[in-house]
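Listed below are the residues making up each chain.
Number of protein chains: 2
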Amino acid sequence: MSKLVGRISEGRGRVLIAVDDPSLSLKDFESLVLRTKELVAGYKVGVPYLLSFGLDSIRDIIRRYEDTYFIADLKLADVDVVMSLTVRVARAGGFDGVIAHGFVGREGGLEGLHKVCMDLNMDLYVLVSMSHPGSLEIYDLVMDKVLALVEVLKPTGVVAPATRSNVIKYVRQRLGRHYIIISPGVGVQGAEFGSALCAGADFEIVGRAITKSEDVVRATKYVIKAQEDYVRSRKCVGD
Amino acid sequence: MSKLVGRISEGRGRVLIAVDDPSLSLKDFESLVLRTKELVAGYKVGVPYLLSFGLDSIRDIIRRYEDTYFIADLKLADVDVVMSLTVRVARAGGFDGVIAHGFVGREGGLEGLHKVCMDLNMDLYVLVSMSHPGSLEIYDLVMDKVLALVEVLKPTGVVAPATRSNVIKYVRQRLGRHYIIISPGVGVQGAEFGSALCAGADFEIVGRAITKSEDVVRATKYVIKAQEDYVRSRKCVGD
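Quick mapping for you: the protein sequence lines, in order, are chains A and B.
Under my numbering, the first sequence has 221 at position 221, and the numbering climbs by one with no breaks.
Under my numbering, the second sequence has 222 at position 222, and the numbering climbs by one with no breaks.
Keep in mind the hints are simulated off the structure, nothing from the lab.
Computed from a prediction, not measured in an experiment: that's the story for all the values here.
Only true hints are included.
Identical copies carry no separate label here, and so any pair may be met within one copy or between two of them.
Straight-line alpha carbon distances no greater than 30 Å define the calculated DSSO-like cross-link-like pairs of lysine-lysine that follow:
hint : residue 1 : residue 2
1    : K27       : K225
2    : K169      : K145
3    : K115      : K212
4    : K169      : K225
5    : K27       : K3
6    : K154      : K3
One chain only, chain A, in its complex shape:
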């Protein structure tokens, strides 16, 4: 079982806070973690943030909060040799999990990455569809093939968009309860807090609605309350 699931069984909310924008200083990032780590399941750190500050600086923060859960949202999409090098760097940086794109395919791609992740005890999340409208143009046309690949590889979980709850429902129905579904797209990107959970996701990824807030604790509590209200007031997948 992923350490991520353990985090919610300890009473934390089904939220992963996304940190992408380098205008959040390292000091503010650490303050965010310090103030919200008992409220949320973990943190997802994106490429612009990782590139801007470098893994050395971020590792120093992660090491001080080892009981927390950090995903490197690298959206890996390369040949296996290169992705494997990257994931080793991310693991050395203290990350517990990594996100890769399903569309790169198995042979010479995700298969090798998955093996390295298992060797490193690193959780792997495979993207199967994205939250922006452009995902409908190309990605979603091959989603069934990506899901078939997920069923063969058996990674820790998948990433599916909150902005299209029918996609999450479909993914949950197809994969069953064997995979964690994490979902971006709630909040500033447009989907209601709780809507992805209701459709079958396990965690919602929330970025700017928390990180751009004046009071991150209040914003986080607001999001968790909104999720609970949404799920309680509707008939949800799994009810």
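Given chain A, work out where chain B should sit, using these hints.
Same frame as chain A, but now just chain B:
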């Protein structure tokens, strides 16, 4: 016209040296650039290298070789907001160009990235197919849609795999001479030096065959000679 094309008109080879593996120290990276910059068109720096050393250190090297050409091979594949943040970081790091995946689609994806690249005077290369066998499983099934997107967006160029020269031929035929084609997959990945050029690519991306060599100057000259021999001895696209 991209500065990259200018580099070959000044007599350099049609080679971009790929630097991915962080086992190449920064000192050796700088030595590689210093010793080969008059031989090759430029350098392509990959995610594991960028993450491991951080952009600050790499920017210091790039700044010392401003007449050279550096592509950040980030294989961007995210929503427009996040890709735009990343490309700003890469531009601040001194890079001349960036690579993004075509499959993310236009709306809320590549369209926004392309606009930011134009604002920043940053070359954009769009991946249309990859060099590993897994690319056939999913990516190549939607390549026509990716190429249609390229025709709408008009980026600087595209990335197509040397390991399947029929793909390069197809891309060149479809896009005409309006786009630079850069091609990974020659050397250690299996395709012969010069084979992608012969199929219609403008530049071949060469990594380990040069970077893992004892003598990088000799290895680079060997690759360029092999390219020229291949192209001269065969009937090539554009002859």
